[in-house]
Each structure stands twice: as structure tokens, then as C-alpha cells.
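In order, the protein sequence lines correspond to chains A and B. So for the first sequence, UniProt numbering puts the first residue at 1; every next one is plus one. So for the second sequence, UniProt numbering puts the first residue at 1; every next one is plus one.
Check the hints yourself; a few may be wrong.
If you anchor each label on the Cβ, the simulated ranges turn out as follows [what the hints assert, rightly or not]:
#1 B/34 to A/174: 34 to 42 Å
#2 B/305 to A/346: 53 to 61 Å
#3 A/161 to B/310: 26 to 34 Å
#4 B/294 to A/329: 32 to 40 Å
#5 B/184 to A/439: 34 to 42 Å
#6 B/266 to A/166: 34 to 42 Å
#7 A/126 to B/294: 46 to 54 Å
#8 B/34 to A/346: 52 to 60 Å
#9 A/161 to B/254: 54 to 62 Å
Note that these hints are calculated values from the structure, not bench results. All C-beta atoms in this analysis are idealised placements derived from N, C-alpha and C, irrespective of residue type, glycine included.
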Amino acid sequence: MFDGLTAETLARMQFAFTVSFHIIFPAFSIGLASYLAVLNGLWLRTRDRTYLHLFDYWKKIFAVAFGMGVVSGIVMSYQFGTNWAVFSDKTGPVLGPLMAYEVLSAFFLEAGFLGIMLFGRKRVGNSLHMLATGMVAFGTLISATWILSVNSWMQTPAGFAMNDLGQFVPEDWWQIVFNPSFPYRLVHMVLAAFLTTALVVGATGALHLLRDRQDKAARRMFSMAMWMLTLVAPLQIFAGDAHGLNTLEHQPAKVMAMEGHYDSHPEGAPLILFGIPNAAEKRIDYAVEIPKLSSLILKHDLNAPLDGLDTIPDEDEPPVWIVFWSFRVMVALGFAMLGLGIWSLWRRVRGRLYDAPWLHRAAVAMGPAGFVAVLAGWITTEVGRQPFTVYGLLRTSDSLSPVDAPAVATSLVAFIMVYFFIFGAGTLYLLAMMNKGVNVVNHDLQSGPIRTAGLTPSQQADDEIETQKDETNV
Amino acid sequence: MFELSFIWAGIIAFAVLVYVILDGFDLGVGILFPFARSERDRATMMNSIAPIWDGNETWLVLGGGGLFAVFPLAYAIVMPALYMPIILMLLALIFRGVAFEYRWRGERWKHIWDHAFFGGSIVAAFTQGIALGALVQGIEVEGRAYSGAWWDWLTMFSLLTGAAVVVGYALLGACWLNMKTIGDLQVQMRGYAKPLAAATLGFIGLASLLTPFQDVEYFHRWFDMPGVLFSVIVPAALLACAWALFTGLRDAKDVQPFLAALGLFVLCFVGIGISFYPNIVPPNLTIAEAAAPDSSLWFALVGTVVLVPLILIYTAYAYWVFRGKVDPDEGYH
């Protein structure tokens with residue numbers, strides 16, 4: 001079954017597979033943690049119980065998604081060593097401390113306060129519970145900061161020297177952490193996480209609005225999500241454009257592959273909307289082009305010359321087909337998000353936000369769009385970096401562990417089977433939870449984990465009692 | 001400036017030790033899970049660790065991430081050498097980790113996630129023990145890379161240490177549950193703790209006898225003067241912990257057996273440290289050789305000195321919030 005597959009190919013498949021699964025969960029939990037902090041804050045400030053109900057609803061979903069993120073993340077932290085040992089030996093002095101900082105400043109913060117956020121409101125009181133919720137959200141953002149610094153350094157290495165063992169040795173930590181592409185990548189990823197969450201929350205709200213337009217909780221979450229989309233989607237397109245210019249400056253070959261420019265264009269490059277990259281003949285078949293637009297977008301000048309892949313040695317060329325298409329998927333989804341945001345704004349201005357079944361159907365259909373866009377974006381940037389692990393300096397083929405192909409093949413098969421089983425089940429649970437209405441879930445004690453440890457009764461049971469008290473008091 | 005790498009060796013050792021004693025007891029709860037007599041007991045057992053297991057497991061990430069940061073060469077050698085046990089451990093931790101959330105999501109699949117919780121816990125413990133045994137046995141290095149085959153870790157000795165860790169974690173889990181539960185479940189777990197304690201001590205004795213045969217260096221590190229004056233403290237303290245453990249169980253104490261069982265683990269860990277020093281990967285790779293350049297060590301140290309005490313403080317706070325006995329009746333209205 002694995003004849004002809006080298007340890008390198010298998011290790012790359014394994015990394016691509018595990019990291020693609022992993023990125024889905026942080027993309028969701030970064031945004032959701034912030035959303036939970038906002039909901040909790042609004043509940044404490046306004047005492048509007050809808051916010052509390054939404055908090056309890058999304059916190060259970062967060063717990064499941066976060067759990068999947070944690071377990072798939074532990075795999076990532078060991079995979080550098082198991083499959084990419086030479087990479088680890090050579091880049092460890094630079095990248096290791098950044099990852100250690102991620103663990104120390106983010107993972108512990110999230111893990112330490114997660115228990116209190118999920119089960120502790122009654123035990124610690126509202127203020128400390130708010131603090132714990134804020135700390136979990138803060139932790140997810142710190143985590144994103146460090147890991148994007150690591151990834152960006154691999155794309156645009158800076159602040160290092162090489163020693164005689166062939167290791168990257170740190171010279172200037174400021175330059176390493178704040179390497180040239182880091183700010184762009186961080187902003188682009190965090191906005192992507194917020195958009196992903198907004199689309200999921202919006203789809204859930206829309207689903208329940210389609211069933212009952214008067215559902216107060218559904219209205220609240222749909223409205224909040226659409227605000228997020230309306231405001232952030234244009235920002236994201238702006239950030240993505242800036243990121244593209246930065247990539248052109250530091251990783252021109254990646255942009256050439258994204259744009260499909262096999263040939264150099266000395267007098268202005270066209271924008272290739274669609275086409276089939278033909279790697280053998282080094283051209284785009286059936287290209288649909290708009291003249292000069294690529295130069296306008298990338299250089300803000302219709303006639304600016306643009307280099308093509310013909311200026312790059314063949315062995316340094318990234319796989320064009322994958323990058324070309326993944327980039328188009330990401331951009332198309334980004335504009336679809338912008339469209340949904342504008343549509344919702346138009347309905348909102350006319351006072352018909354909750355009375356718009358086609359808008360709600362579109363929002364449901366767009367629910368998974370954020371995940372697809374995030375995946376496509378990561379494929380663009382990671383495959384576009386090939387054939388290097390550290391751009392221009394360390395080849396992927398020189399980064400490998402001294403592990404035999406059968407070992408990598410065995411573990412790859414095991415990962416595929418386990419991931420589809422575990423994360424398939426998790427996704428079904430998440431969908432089932434989102435399919436239930438907010439009020440149904442919050443009054444169905446059996447549906448949630450009733451987990452207590454300690455002297456006082458279950459926090460959830462308490463919340464229930466508190467909610468009932470509130471209702472009798474009103 | 002080689003002291004810096006020794007400070008770091010101490011910090012990494014500390015992270016691994018904290019991992020072993022914290023995740024040790026919650027993996028132990030998973031190992032004992034199938035012995036629960038009712039759904040109520042199962043829920044209580046899981047609830048006793050639900051709010052804290054995630055934090056416990058983060059120390060494993062720090063151990064791996066820390067090794068990558070400050071001893072990249074050791075990381076690059078050990079991970080390929082222990083490829084299979086590590087992959088198995090990661091897969092086991094996936095099953096176990098999701099079980100905490102999944103088992104409450106529906107009746108139909110509950111038993112599957114209960115099995116995942118038990119299976120994941122026992123496989124994670126066993127592979128950690130195997131990894132330890134494989135390290136003690138020594139790892140072949142050529143140049144800057146692992147040079148052995150991918151089954152070298154599998155020996156009678158590593159299987160023995162694997163079994164030892166399973167039994168030891170089960171002991172920690174039983175003592176934890178003795179501390180955190182009441183009634184029949186507590187009596188049951190206290191009952192299990194005695195034979196588990198005896199078996200754990202047996203394994204410690206056996207492993208101690210066999211270790212010098214893995215590498216004659218180990219024997220010298222323990223018994224040459226003047227080190228022997230220090231190393232003799234370890235078995236003496238071990239006996240004291242064993243005594244505290246058995247009397248604590250006999251007198252039905254809540255906390256004492258757990259602390260004594262933790263003591264056994266700390267002392268075994270110190271013992272392994274004595275055997276290894278000054279190597280980080282026996283038999284040939286020393287702490288100083290594996291260390292990253294000083295600039296990396298300094299940069300990471302600054303944050304660690306500030307952040308680790310903070311982590312310990314809020315972790316202790318989280319334990320304090322969820323202190324006391326788990327009450328199953330209150331949990332299941």
C-alpha cells in the first residue's frame with residue numbers, strides 16, 4: 001500500500017493531516033473564548049438573563065471544541081521531534097524558547113482557569129468567574145501570538161546566525177519574535193478566528209430563527225454574529241491584502257504560485273481569475289484573465305513589471321496547483337462573508353433582520369465557511385513555503401528524522417483512523433448541541449456534564465436554581 | 001557558562017516530575033475506572049478530576065516543549081528513538097482526553113467513551129513506563145542523530161518499567177480517590193491501595209536491582225564514595241514513605257496515604273536522576289552537550305523564573321476552589 005512512498009512524503013502527509021485537523025479547533029476556540037467573555041461581561045453589566053443563557057449554551061460547546069483542540073495540540077508538540085528531528089536540532093535554539101513561552105504564558109493560563117470558568121461560578125463568585133473567563137480568552141490570544149511568531153519566523157527568518165553545527169543561533173530576540181511577516185500573519189489569523197466563530201454562531205442563531213422568529217436567544221446571537229461579520233469581513237480583506245504585499249516582498253515565489261504567474265510580465269501582469277495550472281508545460285491552461293489587474297493589486301500600478309516562476313530555479317518552485325487553488329478558495333469565501341455581512345446590514349437598517357428567511361438560510365449555509373477559508377489560507381501559506389521548512393535556508397528534505405518509512409506509515413494510518421473516529425464523533429456532538437435551542441439545552445440537565453468536585457452542590461444545578469429564583473423575582 | 005544548562009536540567013526535571021505526580025493520579029483514576037461498581041461511582045471518579053486534568057496534562061507539553069527549547073539535541077534524539085511508544089501515548093491521550101466531554105453527550109455511546117477513558121489511561125501509563133525503561137537502557141547515538149532501529153525500545157526491562165508505572169499510577173489514583181470520595185467507593189479504593197502499594201514497592205525493588213545491569217556506570221554513580229553517603233538517603237526515605245503509606249491506609253486517613261504515595265514517586269525520580277547525572281540521554285549524551293546556546297537558555301530562563309511561580313500559584317488556587325470531597329448525590333439531581 002505504501003510502495004514508493006518515502007519517509008519524507010509520509011512525514012509530510014502526517015504533518016499536513018494532523019495540523020489541518022488541529023487548526024480547526026483553535027480557529028473556533030479563539031473566537032468563541034472571546035465571545036464567552038463578552039457574553040459574561042454583558043450579563044454581569046446588564047443582568048439580562050438572555051446573556052447568561054447564551055453563555056451557558058456556548059460554554060458547553062466551547063468545552064467540547066477546546067478538549068479536541070488540546071488533544072490534537074499535544075500531538076503537534078511532539079511531532080516536531082518524532083518526524084522532523086533534524087529540523088528540531090537545527091531550529092530548536094530559536095523556535096524552542098518561543099514554543100516554551102506559548103506553553104508557559106498561554107496553555108497553563110487556559111487550562112488553569114478553564115475548570116473555574118466551566119464549573120466554578122458558584123464557588124468563586126461572579127467577579128472571579130469573570131476573571132477566569134477573561135483569562136481563558138486572553139490565553140487563547142497569547143497562544144496565537146506565540147505560535148504565529150514561530151510560523152512567521154519559518155516563513156521570514158530574521159535575527160539569527162548559523163553556528164558551525166549547522167544550527168540557527170539566536171542573535172536578536174526582538175527581530176526573531178517580531179520577524180517581518182509576523183504582524184500581518186497574526187492579525188490575519190485572529191480576524192479569521194473571529195470570523196469563523198461569528199459564522200458558526202450566526203448559523204446557529206439563523207437555524208433557530210428559521211424555526212421560531214421570536215426566539216429571543218436566537219435573535220441575540222444572530223444579531224451579534226452579523227455585527228461581527230459586517231465589521232470584521234472588510235477589515236479582513238484589507239488585512240489580507242496587506243499580508244499579500246508583505247509576502248510579495250519576502251516570499252516572491254509564493255505569490256507567483258498564488259497568482260499563477262509562470263512567466264514574467266515586464267509590462268504589467270494580468271490577474272488570472274481561473275485556470276488549470278499545467279506544471280509540465282509551466283503555464284496556466286484555460287486561463288480567464290483581467291489584463292494588468294495583478295500589477296495593480298500587488299504594486300498599485302497598472303504597468304508595474306512582475307517577475308514569474310521562470311526567475312526561480314526549478315528545485316525551489318512551490319507546488320503551483322495546490323497554492324493557486326487554495327488561495328482562490330480562501331479569497332472567494334472572504335468575499336462571500338463580506339456579502340453576507342452587507343446583506344445583514346441592509347436588512348438590519350430596514351428593521352427586518354429577524355424577518356429574512358433567505359438571509360437566515362444563507363447564514364446557515366455559510367456556517368462552515370470560516371473553517372474552509374482558514375484551512376485554505378493555511379494550505380496557501382504552508383505549501384507556498386515549500387520546498388523549505390525555513391524559507392530559503394533549510395529544505396524540507398533535509399529536516400527529516402532518521403525514522404524508517406514503515407514506522408511513519410503505521411503512525412499515519414493510526415492517526416487517520418483515530419482522528420476520523422474521535423473528531424467525527426466530536427463534530428456530531430457539536431452539531432447536535434447547536435441543533436438544540438438555547439432554552440432546551442439550559443433546561444435539560446442530562447445533556448450537560450454535571451461535574452462537581454467538592455463540598456457544595458453542582459454549579460449547574462445552582463445556576464438552574466438561580467435562574468428559577470430570578471424568574472420568580474421578576 | 002555550563003551552569004546555565006544545569007539549571008535548565010533542573011527545571012525540565014521539575015516539569016517532568018510535576019507531570020508524573022499530577023497526571024499520574026488522574027491517569028490512575030482512569031486505570032481504576034472499570035472497577036467502579038455503579039454508574040454513580042464512575043461519575044464520581046471522573047468528576048473528581050474533571051476540573052483539573054487539563055492543567056495536569058499541560059506539564060507534559062511543557063516537558064516536551066521545554067526539551068525542544070533548551071536541549072534540542074536531546075529532543076531530536078529521544079523522539080525518533082521512542083517513536084512508537086510516543087505515538088501510542090499521544091493516541092491514548094486523545095481517547096482519554098475527549099472522554100471527559102463525550103461521555104456526557106448521550107447514553108448510546110457512553111460505554112464506548114468509558115472504554116476510551118480506561119484504555120487511554122492504561123496505554124498512556126504503560127507507554128510512559130516503556131519510554132522510561134528505554135531511556136534507562138540507553139539510546140544509540142551517532143553524530144547528532146539516533147542511530148538505532150525503531151524497535152530497540154522493546155525489551156523485557158522496558159516492559160517491566162511499563163508495568164511498574166501502570167501499577168504505580170493506579171496506586172496514586174486509589175489514594176487520590178480515598179482522599180476525594182466518601183462511603184463505599186472510598187472503602188473500595190482504600191482496599192485496592194494496599195495490594196497496589198505492595199506491588200509498587202515490589203516493582204521499585206526489582207527495577208532498582210536490574211538498573212545497574214543496564215549500564216555499569218549506574219552502579220558507580222550510586223555506590224562510589226562520596227556519593228554513596230547521599231544516595232543512601234533515598235532508600236531510607238523510601239522506606240519511611242512506605243511505612244507512612246501503610247499506616248495511613250490502616251488508620252483510614254484521608255490525606256496521608258496520598259502524600260506518602262507521591263513521596264514514593266518523588267524518591268524514584270530522584271533515584272533516576274542520580275543514575276543519569278550528568279547525562280541527559282544515557283549512555284553518552286551529557287546535559288552540557290545537548291544544551292542550546294546560552295542566548296536561548298537566558299531568553300527562556302527570564303520568562304520561566306517569572307511564569308512558573310505564577311503558574312504554581314493559580315494552579316494551587318484552582319485545586320483550592322475544587323477542594324474537599326466529591327459529593328455524588330448533589331451531582332445527580
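Hint-by-hint comparison with the structure:
1. B/34 to A/174: 34 to 42 Å: Violated, since residue 34 of chain B and residue 174 of chain A (Cβ atoms, about 53 Å apart) do not stay within the stated range.
2. B/305 to A/346: 53 to 61 Å: holds, 55 Å
3. A/161 to B/310: 26 to 34 Å: holds, 32 Å
4. B/294 to A/329: 32 to 40 Å: About 46 Å separates the Cβ atoms of residue 294 of chain B and residue 329 of chain A, which means 32 to 40 Å is violated.
5. B/184 to A/439: 34 to 42 Å: holds, 38 Å
6. B/266 to A/166: 34 to 42 Å: holds, 39 Å
7. A/126 to B/294: 46 to 54 Å: holds, 47 Å
8. B/34 to A/346: 52 to 60 Å: holds, 58 Å
9. A/161 to B/254: 54 to 62 Å: holds, 57 Å
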